[in-house]
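All residue numbers for the sequence shown refer to the numbering used here, where the first residue is 1 and numbers rise by one.
Don't take every hint at face value.
As the list claims (entries may be wrong) - 25 Å max Cα-Cα, derived DMTMM-like pairs, lysine to aspartate or glutamate:
| no. | residue 1 | residue 2 |
| --- | --- | --- |
| 1 | LYS74 | GLU181 |
| 2 | LYS107 | GLU177 |
| 3 | LYS54 | GLU144 |
| 4 | LYS167 | GLU177 |
| 5 | LYS189 | GLU122 |
| 6 | LYS74 | GLU122 |
| 7 | LYS183 | ASP173 |
| 8 | LYS167 | GLU79 |
| 9 | LYS108 | GLU177 |
| 10 | LYS133 | GLU177 |
| 11 | LYS52 | GLU172 |
| 12 | LYS183 | GLU172 |
| 13 | LYS183 | ASP45 |
| 14 | LYS133 | GLU144 |
| 15 | LYS74 | GLU144 |
| 16 | LYS101 | GLU50 |
| 17 | LYS54 | GLU120 |
| 18 | LYS107 | GLU122 |
| 19 | LYS52 | GLU117 |
| 20 | LYS133 | ASP173 |
| 21 | LYS74 | ASP84 |
| 22 | LYS108 | GLU50 |
| 23 | LYS107 | GLU181 |
| 24 | LYS167 | GLU144 |
| 25 | LYS52 | GLU177 |
| 26 | LYS167 | GLU82 |
| 27 | LYS133 | GLU79 |
| 28 | LYS54 | GLU172 |
| 29 | LYS167 | ASP45 |
| 30 | LYS101 | ASP84 |
| 31 | LYS52 | GLU144 |
Said to hold, decoys possible - For each label pair, taking beta carbons as the anchor points, the in silico distance ranges come out as:
| no. | residue 1 | residue 2 | range |
| --- | --- | --- | --- |
| 32 | GLN116 | GLU172 | 20 to 28 Å |
| 33 | LYS108 | TYR140 | 21 to 29 Å |
| 34 | TYR132 | GLU82 | 21 to 29 Å |
| 35 | ARG134 | GLY187 | 36 to 44 Å |
Keep in mind the hints are simulated off the structure, nothing from the lab.
Quantities reported herein were computed from a predicted structural model and do not represent experimental measurements.
Ideal Cβ positions, reconstructed from N, Cα and C, are used throughout, including at glycine.
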Amino acid sequence: MSERLPARAAKALLCVALLLPLCGAPPARAQRETQGRAEFTTATDGSLAELKSKRRVMLLITRSLSVDARDPGKALVREAYEADPQAKRRHRFAFNPIARKLNDYMKKYGGMSATQEVSEAEYILVFNLVEYKRVLGQYYPYGEMYVVLNQPPGSTQSPRILWRASKVLWAEDAAREFVRELKAVRGQK
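All chains should be modelled from the sequences, with the hints used to inform the complete structure.
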């Protein structure tokens, strides 16, 4: 029995020695997938300065039930194009405060007009609804806000994210942050 214990220990040590280098290495498939393409993250690919002369905007409220960890930015842009523009009725607790802030900006500065179709919009304001919090009988929608630059169908550039809210915010605060930064870019007070 004393002779078997060292033999078992030697086999276990051999298995650990063979498997240890494999634990730290990423899978070969993942390495091949990332070598041929540029990484796309949720980082912005532009700035709000590109919206200086653009007026037509579409507000979309989405609530995604799945997360694409491979390309979160591309998934967000794809979701913006596939979203139902009539979802504002479904997510009215998120849509109404954002629309109110944007309407106030439109009345005061006139630098923006709403569209009903994605094809008409020059940029898309996407609020990705994360959760509703209910406090004292009131619903407070929380989520992330993005600005997606819409490209015409014949364009060589693909749609991209221009701006992203600093963090997950209440819908009205996210709209307030967007309007504040848009006013700063356009030189409005």
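Okay, the hints, checked on the actual structure:
Distance check on the hinted pair: LYS74 and GLU181 sit about 24 Å apart at the alpha-carbon level, within 25 Å; holds. Of the pairs offered as hints, the one joining LYS107 and GLU177 holds, with about 18 Å between alpha carbons and a cut-off of 25 Å not exceeded. The straight-line distance between the Cα atoms of LYS54 and GLU144 is roughly 22 Å, inside the 25 Å bound, and the hint therefore holds. Between LYS167 and GLU177 the alpha-carbon distance is near 11 Å, which keeps this suggested pair within the 25 Å criterion.
Taking the CA atoms of LYS189 and GLU122, the gap is about 23 Å. The hint holds against a cut of 25 Å. Annotation: proposed proximity of LYS74 to GLU122 holds, straight-line Cα distance about 18 Å (limit 25 Å). For the given pair, LYS183 sits about 15 Å from ASP173 by alpha-carbon distance, which is consistent with the 25 Å threshold. A hinted pair counts as satisfied when its Cα atoms are at most 25 Å apart, and LYS167 with GLU79 qualifies at roughly 19 Å.
Distance restraint check for LYS108 and GLU177: the Cα-Cα separation of roughly 17 Å lies within the 25 Å cut-off, and the hinted pair is therefore satisfied. With a C-alpha separation of about 20 Å, the suggested pairing of LYS133 with GLU177 holds against the 25 Å cut-off. In summary, the hint linking LYS52 to GLU172 is supported, as the alpha carbons are separated by about 22 Å, within the 25 Å threshold. Between LYS183 and GLU172, the direct Cα distance comes to roughly 16 Å. Compliance with the 25 Å bound is thereby established for this hinted pair.
With a C-alpha separation of about 20 Å, the suggested pair LYS183 and ASP45 falls inside the 25 Å cut-off, and the hint holds. Restraint check for LYS133 and GLU144: the C-alpha separation of about 15 Å stays at or below 25 Å, so the hint holds. Only pairs whose Cα atoms come within 25 Å are accepted, and LYS74 paired with GLU144 is accepted, the gap being roughly 15 Å. For the hint pairing LYS101 with GLU50, the CA-to-CA distance comes to about 21 Å; that is within 25 Å, so the pair holds.
Of the supplied pair hints, the one linking LYS54 and GLU120 holds, its CA atoms being roughly 12 Å apart against a limit of 25 Å. The hinted pair formed by LYS107 and GLU122 meets the criterion: a straight-line CA distance of about 19 Å does not exceed 25 Å. Straight-line distance between C-alpha atoms of LYS52 and GLU117 comes to about 21 Å, which keeps the hinted pair within the 25 Å bound. For a cut-off of 25 Å, the pair hint linking LYS133 to ASP173 stands: about 14 Å separates their Cα positions.
Restraint check for LYS74 and ASP84: satisfied, since their Cα atoms lie roughly 18 Å apart, inside the 25 Å limit. Between LYS108 and GLU50 the alpha-carbon distance is near 21 Å, which keeps this suggested pair within the 25 Å criterion. Restraint check for LYS107 and GLU181: satisfied, since their Cα atoms lie roughly 17 Å apart, inside the 25 Å limit. Restraint check: the Cα-Cα separation between LYS167 and GLU144 comes to about 7 Å, which is no more than 25 Å; the hinted pair holds.
Under the criterion of a C-alpha separation no larger than 25 Å, the hint pairing LYS52 with GLU177 is consistent with the structure, at around 17 Å. Our distance criterion of 25 Å between C-alpha atoms is met by LYS167 and GLU82, whose separation comes to about 24 Å. Under the criterion of a C-alpha separation no larger than 25 Å, the hint pairing LYS133 with GLU79 is consistent with the structure, at around 24 Å. Between LYS54 and GLU172, the direct Cα distance comes to roughly 22 Å. Compliance with the 25 Å bound is thereby established for this hinted pair.
This hinted pair checks out: LYS167 and ASP45 have alpha carbons roughly 17 Å apart, not beyond 25 Å. Between the alpha carbons of LYS101 and ASP84 the distance comes to roughly 22 Å, so the proposed pair stays at or under 25 Å and holds. Taking the CA atoms of LYS52 and GLU144, the gap is about 22 Å. The hint holds against a cut of 25 Å. Checking the proposed 20 to 28 Å range against GLN116 and GLU172 shows it holds: the Cβ atoms sit about 23 Å from each other.
One distance hint, 21 to 29 Å for the beta-carbon pair LYS108 and TYR140, holds here, with the actual separation near 25 Å. Restraint check, TYR132 to GLU82: a C-beta distance of roughly 23 Å satisfies the suggested window 21 to 29 Å. Restraint check, ARG134 to GLY187: a C-beta distance of roughly 40 Å satisfies the suggested window 36 to 44 Å.
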